[in-house]
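A.B. asks: Residue strings, one per chain:
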Amino acid sequence: MENAEHIEINQTVDHLFRHEAGKMVAVLTRLFGFPNMEQAEDIVQDTILRALESWRFGKVPPNPRAWLYVTAKNKVVDIIRRQQVRHKVENEVSFLLQSEYTLVPAVNEMFTEDEIKDSQLRMMFACCHPSLSAESQISLILNTLCGLNVHEIADAFLSNDETIQKRIYRTKEKLRNEQFSLVLPSPESMPMRIETVLKALYLLFNEGYHSSHPEKLIREDLCEEAMRLTLLLTENRKTDQPHARALLSLMCYQSSRFNARLDEKGSIILLKDQDRNKWNRFLIEKGNEYLCHAASGDIMHEYHLEAAIASVYANAPSYADTEWKKILELYNLLLSINYNPIVALNRCLVIGETEGYDAAIRELEKLNALENNYQYNAAMGEMHFRNGNPADAKRFFSVAIGLTSSGAEQELLMNKISRCEITE
Amino acid sequence: MEKFIYLFRGRDNDLQPNSPEAQAEMKKWFNWIDALNKSGNYVAGDPLAKNGKTVSGKKKAITDGPFVEAKEIVGGYLIVNAKDINDAVELSKDCPVFDTDGKVEVRPIQKM
Amino acid sequence: MLLFRGGNFRGLSPELMQHHMQGWIQWMESMRSRNILLASEPLESAGKQVTGKGKMIVDGPFAESKEIVGGFSIILAENLDEALEISRGCPIFELDGTVEVRPVRDMSI
Chain A
363 MENAEHIEIN
373 QTVDHLFRHE
383 AGKMVAVLTR
393 LFGFPNMEQA
403 EDIVQDTILR
413 ALESWRFGKV
423 PPNPRAWLYV
433 TAKNKVVDII
443 RRQQVRHKVE
453 NEVSFLLQSE
463 YTLVPAVNEM
473 FTEDEIKDSQ
483 LRMMFACCHP
493 SLSAESQISL
503 ILNTLCGLNV
513 HEIADAFLSN
523 DETIQKRIYR
533 TKEKLRNEQF
543 SLVLPSPESM
553 PMRIETVLKA
563 LYLLFNEGYH
573 SSHPEKLIRE
583 DLCEEAMRLT
593 LLLTENRKTD
603 QPHARALLSL
613 MCYQSSRFNA
623 RLDEKGSIIL
633 LKDQDRNKWN
643 RFLIEKGNEY
653 LCHAASGDIM
663 HEYHLEAAIA
673 SVYANAPSYA
683 DTEWKKILEL
693 YNLLLSINYN
703 PIVALNRCLV
713 IGETEGYDAA
723 IRELEKLNAL
733 ENNYQYNAAM
743 GEMHFRNGNP
753 ADAKRFFSVA
763 IGLTSSGAEQ
773 ELLMNKISRC
783 EITE
Chain B
666 MEKFIYLFRG
676 RDNDLQPNSP
686 EAQAEMKKWF
696 NWIDALNKSG
706 NYVAGDPLAK
716 NGKTVSGKKK
726 AITDGPFVEA
736 KEIVGGYLIV
746 NAKDINDAVE
756 LSKDCPVFDT
766 DGKVEVRPIQ
776 KM
Chain C
-17 MLLFRGGNFR
-7 GLSPELMQHH
3 MQGWIQWMES
13 MRSRNILLAS
23 EPLESAGKQV
33 TGKGKMIVDG
43 PFAESKEIVG
53 GFSIILAENL
63 DEALEISRGC
73 PIFELDGTVE
83 VRPVRDMSI
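Residue numbers (my numbering), protein chains in the order written: chain A, 363 to 786; chain B, 666 to 777; chain C, -17 to 91.
The following block holds chain A by itself, in its conformation from the complex (with noise of 0.2 Å):
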């Protein structure tokens, strides 16, 4: 094997073949309608393609993004003289493809930087249609938005490709039956869409954050495209909202850590454990400047109040000098706009940093609601080990094993079972 030093390997970016196809999907949808969505894709798969075949034989362009578009462009004009788009529509593009005088010129405006943005923003809200199931919204997204194919998206929910087929299949053959064209939402429905396309975004972090999938990358991967994503909406006058910048910032303070949560065998590590060297500065950086971008207009949602939380963790200098009674209020606040048993249960274990475990261990029987959760009787387990009580901690915690799939977890379970064991 050559030394890398000494090859001038082209380096293609990363990911580039899927994100330029997400972006093409929505540009090439947006000009042709949905009903021609599945053309749409052929064509993208097709330029894709040529570029596979040609750059296969060591000759990658200097501008690899140009080249695609321009064999799109290429191709789609050629389509449309020769008549072959496959469904009739009418939308505000289609007359200016219709003349010699207008649809090159047309063609060409429609794959600038800006237009591209316009038509993925266009395509988020479409995926997150309100009918639409949160499952059926993200893996519509993941599938256009983001290039993944059937196989790849099952593999990265722990799924099957016949579950995710059929569920894009029927998503889609709606979309089709429902709208013509890609718009974005009036500005009297913006709000909520708005709301919708954030829930399904921070759902999609979620997967990627706590996914139990066996391999790093692709629960990265599914993190860095909620963040592209939600970043496109902040990017956009319409839809630059603060709870947008409040959830991106939350998103960059959740990934800081990525690096430093597990160690090299896949085992978790807790907040108190990680090594802090670890935690991605720049990004931490950008959190705190997204929560401050966000801090604007009279309304407080949820987000401002995740990331605030997120933002004391990430900027403690250790875990000792971190913040505690500043966090209980801000999750004191943000119950009280929204309860959520799994928010009650994570301000529980704050108690037990400001008033002590006693205390923790009160508040959290309290939600008899969730005897049965993973995370409860793991927390409960916590708080008794950390308390002096190993015999109730042990009991809690192998309760807690046989509450979850993941095997990390429960490798975790068993080494804090281990050391209730030492103790007793």
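Be careful, since some hints might not be right.
Under the rule of at most 30 Å between Cα atoms (straight-line distance), these lysine-lysine pairs were calculated in the DSS-like manner [unchecked claim]:
| hint | chain 1 | residue 1 | chain 2 | residue 2 |
| --- | --- | --- | --- | --- |
| 1 | C | 37 | B | 692 |
| 2 | A | 437 | A | 536 |
| 3 | B | 758 | C | 48 |
| 4 | C | 48 | B | 723 |
| 5 | B | 776 | C | 48 |
| 6 | C | 48 | B | 736 |
| 7 | C | 35 | B | 758 |
| 8 | C | 37 | B | 715 |
| 9 | B | 748 | C | 37 |
| 10 | B | 715 | C | 48 |
| 11 | A | 437 | B | 748 |
| 12 | A | 437 | B | 776 |
| 13 | C | 30 | B | 748 |
| 14 | A | 578 | B | 723 |
| 15 | C | 30 | B | 776 |
| 16 | C | 35 | B | 693 |
| 17 | C | 48 | B | 718 |
| 18 | B | 693 | B | 703 |
| 19 | A | 479 | A | 578 |
| 20 | B | 758 | C | 30 |
| 21 | B | 724 | C | 48 |
| 22 | C | 48 | A | 421 |
| 23 | A | 421 | B | 718 |
| 24 | B | 724 | A | 421 |
| 25 | C | 30 | B | 703 |
| 26 | C | 37 | B | 758 |
| 27 | B | 776 | A | 435 |
| 28 | A | 435 | B | 668 |
| 29 | B | 736 | C | 35 |
| 30 | B | 748 | A | 435 |
| 31 | A | 435 | A | 600 |
| 32 | B | 725 | A | 421 |
| 33 | B | 668 | A | 437 |
| 34 | B | 748 | A | 421 |
| 35 | C | 35 | B | 668 |
| 36 | C | 30 | A | 435 |
| 37 | B | 693 | C | 37 |
| 38 | B | 736 | C | 30 |
| 39 | A | 421 | C | 30 |
| 40 | B | 692 | C | 35 |
Rather than coming from a laboratory, the hints here were simulated on the basis of the structure.
Dock chains B and C against chain A, hints included.
C.D. replies: For chains B and C alone, kept in the frame of chain A given last:
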């Protein structure tokens, strides 16, 4: 001007190397290529030896000899400049391979 | 001369296509950096065929996809066996493709 490749296929000529027939054959090729060069169309080209090896599939199985699944083996290639494919086809008409009932496959070389 | 056939990547996801392409680029670079790659070109799939004394022209492609030459390389090697060894580094095999390795005929008198 665009680049095209000619892939020559035809009956195996069993001419003895250095025989008068072989030399006559070589002269024909030489003349044709020389003409292409003078007209500014010739870029490169080589005849191929009859032997070779083929590597196939995931297991990289090796078989002796040229690619057997094709009906005729590729005997050589030429790369030319031409205005378009029809021009390239026209330029191939004087190729000696036709005298022995052979074929020329004309394919555009993918541009960058 | 190396003649590349098959190795169909139609069904692959964009991510996998990129991964595959990067494998090719690395293989080509490894030859280039050793100064043994003299030429290397991809071919368009459509073409024409001129046949026989009658010089009849037919539009292509005129064979099954696994028979069509997708591209070629001209490399320098000590002998056929070395050329063979070099060709084994090509990613086309991962997708069930074929490489035909043929010596350029030595026309010396």
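A.B. asks: Hints first: check each against the structure and report whether it holds.
C.D. replies: Outcome of the hint check:
no., hint, result
1, 37(C) to 692(B), "holds, 21 Å"
2, 437(A) to 536(A), "holds, 27 Å"
3, 758(B) to 48(C), "holds, 28 Å"
4, 48(C) to 723(B), "holds, 14 Å"
5, 776(B) to 48(C), "holds, 22 Å"
6, 48(C) to 736(B), "holds, 13 Å"
7, 35(C) to 758(B), "holds, 10 Å"
8, 37(C) to 715(B), "holds, 24 Å"
9, 748(B) to 37(C), "holds, 20 Å"
10, 715(B) to 48(C), "holds, 21 Å"
11, 437(A) to 748(B), "holds, 22 Å"
12, 437(A) to 776(B), "holds, 16 Å"
13, 30(C) to 748(B), "holds, 15 Å"
14, 578(A) to 723(B), "holds, 28 Å"
15, 30(C) to 776(B), "holds, 18 Å"
16, 35(C) to 693(B), "holds, 15 Å"
17, 48(C) to 718(B), "holds, 17 Å"
18, 693(B) to 703(B), "holds, 15 Å"
19, 479(A) to 578(A), "holds, 29 Å"
20, 758(B) to 30(C), "holds, 13 Å"
21, 724(B) to 48(C), "holds, 16 Å"
22, 48(C) to 421(A), "holds, 23 Å"
23, 421(A) to 718(B), "holds, 27 Å"
24, 724(B) to 421(A), "holds, 28 Å"
25, 30(C) to 703(B), "holds, 24 Å"
26, 37(C) to 758(B), "holds, 7 Å"
27, 776(B) to 435(A), "holds, 17 Å"
28, 435(A) to 668(B), "holds, 23 Å"
29, 736(B) to 35(C), "holds, 18 Å"
30, 748(B) to 435(A), "holds, 24 Å"
31, 435(A) to 600(A), "holds, 28 Å"
32, 725(B) to 421(A), "holds, 25 Å"
33, 668(B) to 437(A), "holds, 22 Å"
34, 748(B) to 421(A), "holds, 23 Å"
35, 35(C) to 668(B), "holds, 25 Å"
36, 30(C) to 435(A), "holds, 26 Å"
37, 693(B) to 37(C), "holds, 17 Å"
38, 736(B) to 30(C), "holds, 17 Å"
39, 421(A) to 30(C), "holds, 25 Å"
40, 692(B) to 35(C), "holds, 19 Å"
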